[in-house]
Amino acid sequence: MLSVQGLTTHLELRRGMVRAVDGVDLHVNQGETLGVVGESGSGKSMTILSILRLLPRQGGVRLGGKVLLDGVDLLQLPEKTLSSQYRGRKIAMISQDPLTSLNPVFTVGDQVGAPLRYHGRAEGREARRRQVVQVLESVRIPSPETRLDDYPHQFSGGMRQRVVTGMAIASAPRLLVADEPTSALDVTIQVQIMALFRRIQAQTGVGIILITHDLGVAASICHRVAVMYAGRIVESGDVRTLYKRPAHPYTQALLQAIPRFGDRRERLYAIPGSPPSLVDPPHGCRFAARCPHRKPLCDDAYPPEIELESGHKVSCWLASAG
Amino acid sequence: MPEIAIPPAGATAPVRQRPRRSLRGLPWFALAVLPLLLACAIGGEALLPHDPNGLDLGLAFQPPAWLAGGSWAYPLGTDNMGRDLLTRIMAGTRISLVVALYAILISGGIGTAAGMLAGYFGGRLDALIMRLVDIQMSIPALALALVLAAVLGPGFETVVLVIVVTYWTWYARIVRGEVMSLKQRDYVALARVAGCGTLTIFRRHLLPNLLNTLLVLATLQVGQVIIFEASLSFLGLGIQQPDVSWGLMLADARNYITNAWWAITMPGLAIMATCLASNLLGDWLRDHFDPKRRQL
Amino acid sequence: MLLEVQDLKKHFPARGGGTVRAVDGVSFAVDAGQTFALVGESGCGKTTIARQLLLLERPSAGAIRFDGQDVLALDRKGVLAYRRQVQAVFQDPSSSLNPRLKVSMLLAEPLLAHGQGGNRAALRARLLELLEIVGLPPGALDLYPHEFSGGQRQRIAVARALALRPRLLVLDEPTSALDVSIRAQIVNLLAQIQRSFGLAYVVIAHDLALVEHFSSAVGVMYLGNMAESGPSAAVFGAPRHPYTQALLGSAPRPDPDHQPAEGLILGDIGSALHPPPGCKFHPRCPRALPACATQVPPMRRLDPAAGAAMPAHQAACHLLQ
Amino acid sequence: MPIARRLLHGLISILGASVIIFLISRLSGDPLALLLPADAPPEVIEQTRQHLGLDQPLVAQYLVFLRNAVTGDFGNSYRWQEPALGLILERLPATVELALAALAFSIAMAVPFGVLSAVYRGSWFDRFAKVFAMAGQAMPNFWVGLLLILLFAVQLNWLPAFGRESWNSLVLPAIALGWYPVAAQTRVVRSAMLDVLDSDYIRMGRAMGLPERVLIWKYALRNAAIPLVTILGVYFAAMLGGAFVVEVIFAWPGVGRTVVEAVFARDFPVVQAGVMLTSVLFVLSNLLVDLSYGLIDPRIRHA
Amino acid sequence: APAPATGSLTVAFGAESTTLDPVKISAGVDHYFVGQIFEMLVRRNAALKDENWLAESWKLDPGKDGKPVLDVQLRKGVRFHNGDPLTSEDLEFSWQRQRDPKSSFFSHYVSSVERFEIVDAHRFRLHFKQPDAQFIVGNMQLWAMPKKYIQKVGEEEFARKPVGTGPWKFVSRTVKDELKLEAFDGYWNKDKRPGIKELTIKVIPEDLTRVAAFKTGKVDFIDNVPPSMVEEFKKMPGVKTVTLVSGNNLFLNFNTQMPKSPFNDVRVRQAAAHAIDVDAIIKRVLFGQGERYAQVGKASNGYDPALKPYAFDQKRARELLRQAGYPNGFDTPCYNLTTPREPGVKEVGEAMYAYLSEVGIRCQVRNLEYGAWISLGKRGRSGPPEMDGVLSWMWSQGLPGDPGLAWSGHLHSYQAGGGWGTYSYTSDPEVDALLEKQRQTMDPAARTALLQQIARLKQERVLGGLPTYRPLVTFAWRDNKIDYVPWPIRDYWRSFQEVSWKSR
Ligand SMILES: Nc1ncnc2c1ncn2[C@@H]1O[C@H](COP(=O)(O)OP(=O)(O)OP(=O)(O)O)[C@@H](O)[C@H]1O
Ligand SMILES: Nc1ncnc2c1ncn2[C@@H]1O[C@H](COP(=O)(O)OP(=O)(O)OP(=O)(O)O)[C@@H](O)[C@H]1O
Ligand SMILES: [Mg+2]
Ligand SMILES: [Mg+2]
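Residue numbers (our numbering), protein chains in the order written: chain A, 1 to 322; chain B, 1001 to 1296; chain C, 2001 to 2321; chain D, 3001 to 3303; chain E, 4001 to 4504.
Simulated from the structure, these hints should not be mistaken for lab results. Among these hints, one or two may not hold up.
So the derived list for chain A, only partly shown, Cβ under 8 angstroms to chain C, looks like this [as the list claims (entries may be wrong)]:
#1 Thr-188
#2 Ala-219
#3 Arg-260
#4 Phe-261
#5 Arg-264
Note that this is a predicted model, so its numbers are computed, not measured. The C-beta atom is built at its ideal place from N, Cα and C for all residues, glycine as well.
Use the sequences and the hints to build the structure in full.
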């Protein structure tokens, strides 16, 4: 359904060219949830924003590659078409901080109703109101008729996230991209939101790209997971395969670095160092500097992506060397 | 891989493709004007082509050199008393900048101290200082200036005093706000945990972090002081002869606007250039210090 | 006991009138070499407790005893002496390090404030020693905080907290702002420091698995009250309070075969401004009894057999009668 | 903050302002010299002094002044022999009208400038708006006033140069007075707009495919207006103060001119009434602003 | 009978009166406003001739024991704007009102009148305690004020809504803005009625704005055309101007009452008199809008054509200074008025002080705003005078005027409680005696001779300051629209007594 090929996003800033996304391939099928995990600054949000072409406005932006949604390359569409035909219709987004993604000075009803209004799906105030109530009901906001005229700050964090989710799926999009939809929420609320996602997906068959830095969240909701490091996908595959048999040293390290219940190790596995700068990333494997299995080859060239088993791909010289 | 450049969403403005040179954003105008001003201010008497108060009625209303009847001895022309405009503008630079300097140092000092105390300690001290600020702000600055000038007599000291009295609140309010937010920073709490005294916290943790703001405020104030002094001069309460200020020149020359447009225009342009320079510089500093804007 | 907190309360006046009962009667204790962890949803009062321990905020009621001494009754000198022994690390290293100071000043500041700077050479030696403890190169002294990565900055914060050789560290979410890969470095570092210097920790954290890994005892808070507390092994191994159970059950695990359980907890987090009557948890409790809505459940000791050396496992719930 | 508290603070400000103005205006000199003819004999002078209550100690004078002021009695103007309050009140509408018009002008410039500058940041428009706005801040308003009169009244004869006759006599003074704060206001709007345009909810709106004009002029602007509205009270006060000079230039029958001349004439009742009324106006406008930004910022309304 | 008044005219003045109550007049401007509404017994007309006005006739009887009696026959048929006829009672009331310090600032003007005797409704006699020549030359200090009206409505209402006998009836007034008047239908003087129905006097203090108002046609008459623009106005088509000498006499006052003041020496004062090129200042700084005078202006009482101003002669000035013992000159404070009260007064002061400095009277210029200037000009009531150098000053003597009153203020030495020398920094017993004498001399010719004698002494010894110039004032009006006859007298010189639409 969605296929991202060789996506590059380079930002021209004073301090130089930031290669925020540097050749990313992804695909999502209908009814599937793809998790993208990675450290802060690895380019997860940039990838999503590039797909929707919603990059920050300042500075120059260079986009490359292809983003095919049902065969149409979104990067080549005129802004107008993208805005009126795709965004909010075929692709919807839930942005990084759910708590700030509602406009504080308009009522929730207004905001949920706005896409309906401007996409011409509900003519007239009354019709729109009814539809908004339906949307809010669908995400289980209690007594939506009365809450409609409330402002976002009168809603709790969890409810705001439901509202945003409701807004996003109201147009029955093909694809939903969610950037860390639960990171700002407490675990008890997080569970509710993830259940909501699952239910919506079951009902509508929407494809979801879920970005998270929490390996636990990814494990519990995603069908497939891609691990991103310094602007590139280093490993991707079916969630079970990836968690049980991680092939990339980075994935392995991540999984070992987190404590688990009932496991009282003296020390956690710690990955030394920190991620490379994206202004001037290393030539070879970007993880090489922190990698326990580093070989001379790793510094020389970026490892090609190889498919270990069906759908499990990894970019690592170790894997290609056998 | 084909590389295409597309505009960021929503913006219909063209995206600049050229790589930015770091010199681009600099406040060139300010950098060009300010050294001139400083030269006039520091150079003092030595640079002046004529006596700024040397009046010669026979030379009244000489037009600028490039007009018919003008002479290069008086490049910008002369005023109604035959005084050289260029000389007076140069002499005025010094007064204007000195007034601004005093005003900034004193009002900035008082305002910063008051703002820091109010913001840091809060409570009654804050209430007291803020009431003083309110009182000050509720008296129109020019009314206060008028009355003060009537008490003290117009002149340099009065102008400085009036500006100080008017502007300390400006610093106090902004510094207070900044300190209240700085106070929330963990490092201030941690400094207390580390055992630092209040003075140390002010000196080491608050003041250095206020410097950017203060620098911006001070830069912007230069322009405001010049304009304020001009308003006082208009009412006859600004800088007085034999001191020269641009505001005074402007106010004096307004009656001859139709006879000798240059007499009012030249000091007016000096004011404009200086204010623009100081405002542009302040604006640039503000952007420069604001990490969110810096990336522009 | 090194630190004893008894029935601590903190009430803030709320903006529009009313009172925020941020902390509403919390007791716990921690001894040298031990780690006491506070967990709970956001807004339940964890940070407020930490700030009171650090004397940044004055409790509305209750007692804090350090080495048996009443901390709240200390005079100026006493407070200074207390501060020499109790230091802190906060969540966000970028806001807990003054961006205008060099690392050398950041580290030296506590020493200078207590007149322990000594001569230049001694001071420098001490600073280098601190850097070594937290695993930073000596060259770090002449740099500013922004020249470091997040993990390194947190190391600096830890080094600064250690400068006075304190006996207790208050750690408010010391790793939340850090990435997974960095988090382990800091956790390991803290554990190692505790072992080497016999420090006591009061740690606040969201990540339950991490808490289990790191702490010797744990307190689970809900809206300013302690819902359950006890030795980590007991609380995590056999949680008794429905809230603790919900918290543990909801936590996602990096295991595709495990699904966080839904339905252990209802609705949204309550408000500290208008807390529900009775057991504050009852509106969200799937197993609430009628009594829960009216009566505040007392703290109940669950392991009468356990020795005095370990903190008791206790919980406040009507179901446990 | 509760309104009662605000009102109290306002009262304190007004009272403080009255003390300050009272004291220093009394120090500024003897009004009798200006009031009486040159050759007035001492009996007349003494009599007038007593008549005006100027022979009392300062504190007593202040208390009398305060007691009367509470009932709206500021005494008779020494020069005009009319009640000072009446003199000022009569002129107040003109000054308020001018200040409001100037404020309206500045907002009418600043909002589109600020919004478009933020949207097209770094473009030629951004730079033009900045220079235009800053030009106003770089010229004394009396100079602007004179230039406007020369251009629009004398040269083009489009607009009247003086007085307060019809709406169009308001145009030039409002521009002369309102241009100065345009720069600061534009900056406030622009920087708030930049923040808002970068915000999650605008990005969210964009992701939902909302038209850009709605996002900018409705969603973003209402948020960006909040910081502007919060300081409108201060700007209004600045306009009131600036009116002192502009009223003279445009022969605008307002409070400013009256107070300026009253100061020169040591006409204390008028100075006091004028300043007190401006202070009251300042306090009221701030109160109004406080109340009104609840209207655009629901977070305040429900706090 | 003349055609009935029609239409409305708007004019603009640069200054505005503080009061419309004749007994509260405290500044020259007040006259131009009061004079439109109120009238006196006698006035000088446009041709500078004395003319009986509200008085049909009057006679001065020298009286016995030096107590003169003034016998006045009032004109009949004069009505106030409210319709009440003017009677002797009104004049009596006016006298009482004027001598009561509670309502009047001018009680001392009528202080020499002992008794007011009403003979009949239109005849009254004033009995003087002692001769007072100034009373007569002051146009007989009695304004016709409506007794019944004032007693009915009270002082405050009268101040708000004045009623007089003048050609213009009060309609409304907004301070700092405008005075609206209406031609009075019942005006007694049928030959001197305005031909315009409504008159609006706008107040526009800023010169350029007033000029703009005129140029754009918003007003058809302005006073005080800025000196720098007089030439331009004279050339404007359809516009007529008149330039009149104003009632103001400017001079530099010197302190001669302090023990160490260099100005105690007459040679220093003479040096100052020679040091300043007043003609150049008039020409350059005032664009010719000034008239030099020596002690008494042309056409004023006591004018002496033989008296010529000191010549500009810097050499002589330096020489005089040397003789006085100041070969290297000396420093002195010089006070300058900065509030624009007279056009160019600040610049003129600057220029004069620059001239003084050139010969060695080195001026340390101190600037004063109006209030401070007035205070400093006034002789300290107790203790020594505060003005310790040179002060630019001015006095108004009316037009054509009489210097007697002014001189008693600034030439006669200070006498506490005597009403003499309020603004005086001079002390010369001989001049004091002469001044006192002239006041008592009721015979006009003898008095004029006395004034000329004082003027000569004043000139010789440079007493009571150094006279410089009398400002010229230029009015401009649209000649193609209105006919206007200026009356060059202080009280009436902006009077619209004889104004009408241009008869085509
Ligand atoms: N507005 C911006 N200006 C400059 N650089 C940016 C901007 N946004 C992102 N970047 C850079 O782009 C890179 C990728 O950022 P991105 O936000 O995609 O990371 P992320 O994986 O989403 O991180 P996080 O987990 O913190 O959200 C980073 O190096 C970041 O510094
Ligand atoms: N200074 C204060 N004034 C008023 N209310 C406060 C103040 N500080 C904290 N609170 C309130 O007290 C409650 C507890 O806050 P606290 O910061 O202690 O929670 P926390 O458990 O640390 O939450 P988090 O996990 O989000 O850090 C919250 O409702 C908070 O809004
Ligand atoms: Mg992100
Ligand atoms: Mg917290």
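Task: When the least beta-carbon distance from Thr-188(A) to chain C is tested against 8 angstroms, hint result - done: holds, 5 angstroms
Task: Hint check: 8 angstroms Cβ-Cβ cutoff, Ala-219(A) to chain C - done: Status holds, d = 5 angstroms.
Open item on the list: So, as I understand it, the hint says Arg-264(A) touches chain C; can you test that by seeing if any CB pair is closer than 8 angstroms?
Closed with: holds, 6 angstroms
Task: Agreement of hint Arg-260(A) with chain C interface, Cβ distance less than 8 angstroms - done: At about 6 angstroms, which falls below the 8 angstroms cut-off, the nearest Cβ of chain C leaves the hint on Arg-260(A) intact, so it holds.
Task: Hinted contact Phe-261(A) with chain C - closest CB pair below 8 angstroms - done: holds, 5 angstroms
Consistency note: the structure conflicts with none of the earlier hints.
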